[in-house]
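Asks: Protein chains in written order, with numbering that gives the first Met the number 0: chain R, 0 to 509; chain S, 0 to 509; chain G, 0 to 509; chain V, 0 to 509.
Don't take each hint at face value.
Because identical chains share one entry, a pair is satisfied inside a single copy or across any pair of copies.
[Said to hold, decoys possible] Taking lysine-lysine pairs in the BS3-like style, the calculated list, with each CA pair at most 27 Å apart, reads:
hint: 1; residue 1: Lys239; residue 2: Lys16
hint: 2; residue 1: Lys27; residue 2: Lys242
hint: 3; residue 1: Lys27; residue 2: Lys237
hint: 4; residue 1: Lys239; residue 2: Lys29
hint: 5; residue 1: Lys412; residue 2: Lys272
hint: 6; residue 1: Lys237; residue 2: Lys29
hint: 7; residue 1: Lys497; residue 2: Lys322
hint: 8; residue 1: Lys68; residue 2: Lys497
hint: 9; residue 1: Lys158; residue 2: Lys239
Calculated from the structure, these hints are not laboratory results.
There are 4 protein chains.
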Amino acid sequence: MTMGLKTFDDYYNRLKKMEPNLYLGSEKIKRTDERLQGGIRIIRETFDRAHDVEYEALCTATSHLDDQKINRFCHIHQSMDDLLSKQQMTRALCHRVGGCIQRCMGIDALNALSVITYEMDEVLGTEYDKRFREYLKYFQENDLAASCAQTDSKGDRLKRPHQQEDPDLYVRIVESRSDGIVVRGAKINITNTPYADEIIVVPTRLMTQQDNDYAVAFALPSDAEGVKILVRPAFQHKRKYLKAPIANIGDGEAFIIFDDVFVPQERVFLNGKDDPRQTPYAGFLALLFAHFHRHSYTGCKPAVSEVLASAAALVAEYNGIEKEGHVKEKISHLIGVAELVFAAGQASAYRAEKSPSGTFIPDEILTNAGRRLAGEEIYNEYKVVADLAGGLVATLPFEEAFYAEEIGELANKYLKRNPRIHPEKIHRCYRGLENMLVSDLACVMQVAGLHGGGSPQMETITMMGRYDLDSLKSIAKYLFGIEGSLAMYDRKTVTPRKMLERFRILLRGH
Amino acid sequence: MTMGLKTFDDYYNRLKKMEPNLYLGSEKIKRTDERLQGGIRIIRETFDRAHDVEYEALCTATSHLDDQKINRFCHIHQSMDDLLSKQQMTRALCHRVGGCIQRCMGIDALNALSVITYEMDEVLGTEYDKRFREYLKYFQENDLAASCAQTDSKGDRLKRPHQQEDPDLYVRIVESRSDGIVVRGAKINITNTPYADEIIVVPTRLMTQQDNDYAVAFALPSDAEGVKILVRPAFQHKRKYLKAPIANIGDGEAFIIFDDVFVPQERVFLNGKDDPRQTPYAGFLALLFAHFHRHSYTGCKPAVSEVLASAAALVAEYNGIEKEGHVKEKISHLIGVAELVFAAGQASAYRAEKSPSGTFIPDEILTNAGRRLAGEEIYNEYKVVADLAGGLVATLPFEEAFYAEEIGELANKYLKRNPRIHPEKIHRCYRGLENMLVSDLACVMQVAGLHGGGSPQMETITMMGRYDLDSLKSIAKYLFGIEGSLAMYDRKTVTPRKMLERFRILLRGH
Amino acid sequence: MTMGLKTFDDYYNRLKKMEPNLYLGSEKIKRTDERLQGGIRIIRETFDRAHDVEYEALCTATSHLDDQKINRFCHIHQSMDDLLSKQQMTRALCHRVGGCIQRCMGIDALNALSVITYEMDEVLGTEYDKRFREYLKYFQENDLAASCAQTDSKGDRLKRPHQQEDPDLYVRIVESRSDGIVVRGAKINITNTPYADEIIVVPTRLMTQQDNDYAVAFALPSDAEGVKILVRPAFQHKRKYLKAPIANIGDGEAFIIFDDVFVPQERVFLNGKDDPRQTPYAGFLALLFAHFHRHSYTGCKPAVSEVLASAAALVAEYNGIEKEGHVKEKISHLIGVAELVFAAGQASAYRAEKSPSGTFIPDEILTNAGRRLAGEEIYNEYKVVADLAGGLVATLPFEEAFYAEEIGELANKYLKRNPRIHPEKIHRCYRGLENMLVSDLACVMQVAGLHGGGSPQMETITMMGRYDLDSLKSIAKYLFGIEGSLAMYDRKTVTPRKMLERFRILLRGH
Amino acid sequence: MTMGLKTFDDYYNRLKKMEPNLYLGSEKIKRTDERLQGGIRIIRETFDRAHDVEYEALCTATSHLDDQKINRFCHIHQSMDDLLSKQQMTRALCHRVGGCIQRCMGIDALNALSVITYEMDEVLGTEYDKRFREYLKYFQENDLAASCAQTDSKGDRLKRPHQQEDPDLYVRIVESRSDGIVVRGAKINITNTPYADEIIVVPTRLMTQQDNDYAVAFALPSDAEGVKILVRPAFQHKRKYLKAPIANIGDGEAFIIFDDVFVPQERVFLNGKDDPRQTPYAGFLALLFAHFHRHSYTGCKPAVSEVLASAAALVAEYNGIEKEGHVKEKISHLIGVAELVFAAGQASAYRAEKSPSGTFIPDEILTNAGRRLAGEEIYNEYKVVADLAGGLVATLPFEEAFYAEEIGELANKYLKRNPRIHPEKIHRCYRGLENMLVSDLACVMQVAGLHGGGSPQMETITMMGRYDLDSLKSIAKYLFGIEGSLAMYDRKTVTPRKMLERFRILLRGH
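Just chain R, with the same shape it has in the complex (with noise of 0.2 Å):
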């Protein structure tokens, strides 16, 4: 075992050994509850495959701090095929579980502070890079799984920070000391805290200079004093005879109240109230999580798109129609859907740069078309396999009910569909196909593959807002005698690096 790669029960010895901060409805919970376990399973993958042959090279990196071998999802990229293996990486796991990994948001804010650390330095002659880096050098060795907290309450959400009536609708810090900061708020729509080991904390939006004491990051322990976690945990009904992965996995929400949380310097990487020069990076560091996030759906994405297609392949064996037109244009939609976002995540890590800091930045634009294309059809996905999995997903009698003494058996009979196909198997299917579009879970799964990382509607600003459009508009000058001549157009050039060094431009300025 090399010092930075953890097993899956040294994780969970951390979680048993945490301060209970958990709240589940009025309860207060441990982080061992059955409820979390579901989720817990999740997490468990990205340890045990990271010791397992088949997917070690995969799952596991060298660490660029001191030659490690490190869990991937601890790792700065440092190249393209970082970028492409992680990538890679969260795709294959994601079929493993059925869907979201969970774990990416503490790869993707850690890769995220790596850049912006670094350029404030540069900048501002600040010393996050090194605070960083020791903060990566100890999650590295302790192979900790991350929750990145972003998304504030917000309030009214045509208002800024300092604009809303109560103050502390975005987290905010309240008290600055010599040894660290004081902080107030909460953090809606957070993934997998219940069961990560630290919290990231990053601003969810710009920042303007009014707003200095918004702009703020920095990490904790989950169980840090003064947070307080509300879960909302999902499940799937528990299996008593037909026992399958899709039914062991779950979810946990959290709403994370920070009840004026004290956080030491060491582990500040943001602050603008102590010196407001750092403010604009708010908005800098909120973008670039989003992006390497919206990265990381270019892997889950086409994952949980071939999780439906294959469903939907079963399911129509299953019931003998795979040779029909529609049902193969319906699957095909689902293997193309998946295809093109994985090409554009795959490209955009192809066009990829490094940046000043040393950190991998794939490009930006084609990303964003990527998560987009994912959010806008996952309702869709998951419309067609209901189609071709039938009525009975949503009518299915439970489980015990096939295995009851004065009616199992006839329920059996009429499970049969193909008849060269055992009813168990049918049921078996019917089964994980409930579970995968009929359950709490399943809704969940809808509204995370629309909003997570971002909806498609910010991917639509974040696209527009980046895309060189006087430069397009020079091709129809040209070819309407407007313009003379038309110098080669190549979207690409507007690269991460540019948008770094415009950024650079900009902040001298100031």
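We have chain R already, so just place chains S, G and V on it with the hints.
Replies: Okay, now just chains S, G and V, sitting in the frame of chain R:
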């Protein structure tokens, strides 16, 4: 109280007295089981509104049998106005329960039977119409709620009933007696049976002369001997503090097994085994029930779209984004779908024709076009609401958390959005949205919105089977100079009456 | 021949006598110019069918002014049936010309004026209604064909008329005289003006009190002094061998310049310059013309879909692929759109209400929902036909090649497809498809299908402007427990009549 | 000037010398005919840019035959970079001509032949590769422009070639001689042949052992004896005042008749008549040309989307609406499609594998997914531009009107929109939009965008034919507990190389 109009209590007392033949998992449960109360609450609406002065005109009708005032759900459409009222009643009641009103299956089955029994008597000289009228009289006098059981378990979908390895995979007559028939098989995906008085069984497809045993229709009390109902209930989390209609509704789906059930002659309405001349009417009845049922969907599905649009508009207001262009665009899309689907059903009613039996039949192709649009859009509609609501619908902490001592006040503090809206209202709104979008029941509604009454694929098949394409081609032939003249083209001329006439001619030719 | 019903020859003789004020490029052309014959051929249909026994009932009406039999295109809707007949006539005639029948603009403008002139008289005590009736009498007696000129050139779209740098960018009154007014400006995108008898001018938008000069409506002979019509014709390649109706049709679009044109008082129907109390009626008239015109689209657009579906079905037969699943799916989609859009207009007519003027106004939101669907689908419909036709529609050698000595026989040899179909029929079919899909005129039809009567964006705005969202929200408020009860919700209650009443109240408050 | 790189003049001089075998209608025309200049102008771009320092790196390559510098359109892809450069070149040149660059057919056919000839030699011991290399050398040295003629006239689409009533409906070998073969038949829908040097003929589908005579591939000068080319040109209206690149382009489609044409042995590359063992390669060649050609579409179609987006952005600016939400949404959609389709081709190139012949073959399923999205979107893209441009694109008076004495000044006056934009620019913009959206050529581009390289239907078939669904199903089987473990799933493992290997095994088994 008129004789034919009963109250919810009358109905509920009947349920209490029924034989226990419901199975929930391995449990045998009563019809008054807590987990069925959500479905019963919906049926209640159909009784209560018939006695509600505001709804009475819509929800009652005058029986053509005896001029008694009856619940419209027991009525045979005697006019265009009846069809229009049925559609409008369906819509109005669905608004009140936030979705499917469930009792339409009975009225749709009765109307289909009213046409077919008359037709058979006319052509074959049988005496079904009298038998049916007697059953109808009993039905109307007692204000019964019925399920219509159509979908067989169907086995291998590429084989006809008689070709299946197991001959029981479609419901069939296994024995003919002088006093009745014995039936065996199963009907699946049947809504509301666990709390319906009656089950009306109709065929699921066209039957050939090899399938005579499967050409069968009948009605039974839902607790008849040998009937075994496997229940799949769906219901919302119980609320403790924030009571709301949406939290009280539910659904009970049935997997009905006919374990050699005796049906007395007076309740048999189609019997191809004893009289193979009746077999062709199986397909006709299957089609006609589907047709009336799809017309009912042009009432309920617009209501579902409006319920979703209503929630979308409300949460947009609460989030303070209702003036945004994309928000208006999205809400107007929901509204537009509701309008178009309702208009399809309304215009179908205006084009309805009186069949020889006296029953009015709405336009077939247009009804199908309307139902299809509804089915195609259902998942997209959920997407729109989820889009405008944001991720919180899937991550909202449980209700009790907002009332818990240590965290309740903080939780409410961070729920504030539009400052003019009290946090409790926001809580109620998101709590309701959670029921609507992120729950077992939400998924059942999605699947029902897609498959109920036949999936879009089925409507396409019906439309293309009925549409007179040769006549349509005459337009292009004229315009392209292939034919010299063009008779006035009006697709409407393929009326239901013509459909019946053609069918008669076809059968006479048999 | 009744007095109010003229023939095509009457109409064409009038065209011959008109002053030459048409400009095609730099040429001044006559109204009988060859390049306008395609458009004239379309108008011909509206005269010929009124004298055709099969179409007469649909294409004529009885004037409410004098009980004369008139062409329906000159009629003010006096009943629901009038609206239904107008819609059906539009559809039937569009089938015969393969698209837009062009003369609807006149009837739609007249109906809008009939309402507004009456309203103004009621509220303001003006005497427009009498003036309008006299004009209408003249119009009906002569069976005139009119253009309605609504769209101004509009300049900077973000500025109101009076804010434009050049004050002439919306048509305005530049001088008031005792005997009439002088107008200046331009109206663009106006179909059929080059061969219309009359131009009826209405405002294009809401006018404020600063825009009084722009609040103007009037009618003029289309060759009135100072009117200059820039023509943009579209027509098909001339056929030499394979004559076909589709090859004979065409279009003439106008860019109409009012170069200080005098309009006598008896032809002025709105004048905000001289009476600013009339200014608010500008927006009302703009909206009402759009409304009647969109209702006409629920007649023509279904016909366009059916024409396209007809061609699709024919070429699918000729190509031998009509039984393929995807082909049926695609054709059924075209049919479905036709059905839904027509149903929207039909149900709108059934819901129509008599305005105080006596004119029937169809349901506004539903009409817009129908028109919008049509606009959204138009390009997709062309795609479907192109898809089923294959690339040959765009690559078909010119007609003469198939008759040329050296190559004609060979060319025909290789045109064979379905062997039961004679190559000449295949040639005719593809020749017609070329006209339909690959020609200037095809593109004009696409653009007209999108923008005519207002683009989908405009219908969305209208729908959201008119829909009573507060009332809609009451459904969710009830279901979510925010409000205790729910009044029966029926969107229809926002009727045109109520709309007029509200408008009156609004104006009185002015 | 290197030997293998020619100029436009060289090319045009060759055209001048060719035998006249072009038929336009009943005329026999020269290759320098005015009506073909638009197409020739496009081909010119491929020569000029190879000599343009800005484009040279993209538009030239080093021949693997003799290390000469050649035009990239004559090159066999020797690496991933070659595929990436080809894709990028295609995009860059399409920007300059506003659409299809037309010369890609040659390179795609050559690359397909390079693989198949090598494969046949390996497996069958033929000597095609040497023959092909000699032809390629000649092709490269002369910098030839080629058409690839694939689509047969096909007759009854449900019958195979040998089943047709007329045996000539697919191109076939009618005679074998020692020095060559004689072919008969027709190829339709072939772009650019009227001004191409060479025609490369490949099969259009899989051939069975009954279709040996139809398993044929060869190359000919396009004026070879017996070749008769029926031309269908498309071009823009001539401009007199406002010259613009878009007005100079055009298209020439060909219906090529092979009227018993002799092909010398050195130009025959597949001959199933003389050697039935070659017949299976017909389908392989058909597929492989389609594959390379679809990969070219991932270069040209993004360019088309960008050209349309560019025009949309420009006209939005000129209309002053570019900040509107719906405008941004629509433009971002065009951009997003461009990005995704390009990414599909780029990632396909990155995943490319070297075939045994040395030629690199891009990923098949992803290439098809990209091409399909492009085809599905093309009509919608035109809709978006038409939507933002408004009706004027279809109603704009002819150019001369704006310069005519009496009306020119007035016409220009009313063209003003955004006051910061000179009316001439607005005129140029709408004139260009007219070319782009409302012209014969626009329709040809729509149809080509749908069908070129195979319609979406074909890509669906290819995708479903190639995708390893059994492997995909393993995901659901694992998740549903039907199978105990899941091997790491990666769709990419079905590489082109594996495809070739499978094909070899298959053929050996023959």
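Asks: Could you run down the list of hints and mark each one as holding or not?
Replies: Results of checking the hints against the structure:
| no. | hint | result |
| --- | --- | --- |
| 1 | Lys239 / Lys16 | neither (31 Å within a copy, 33 Å between copies) |
| 2 | Lys27 / Lys242 | between (30 Å within a copy, 24 Å between copies) |
| 3 | Lys27 / Lys237 | both (23 Å within a copy, 20 Å between copies) |
| 4 | Lys239 / Lys29 | both (25 Å within a copy, 24 Å between copies) |
| 5 | Lys412 / Lys272 | between (69 Å within a copy, 23 Å between copies) |
| 6 | Lys237 / Lys29 | both (20 Å within a copy, 24 Å between copies) |
| 7 | Lys497 / Lys322 | between (50 Å within a copy, 24 Å between copies) |
| 8 | Lys68 / Lys497 | neither (32 Å within a copy, 34 Å between copies) |
| 9 | Lys158 / Lys239 | neither (51 Å within a copy, 34 Å between copies) |
Hints 1, 8 and 9 from the list above are not met by this structure, while the remaining hints are.
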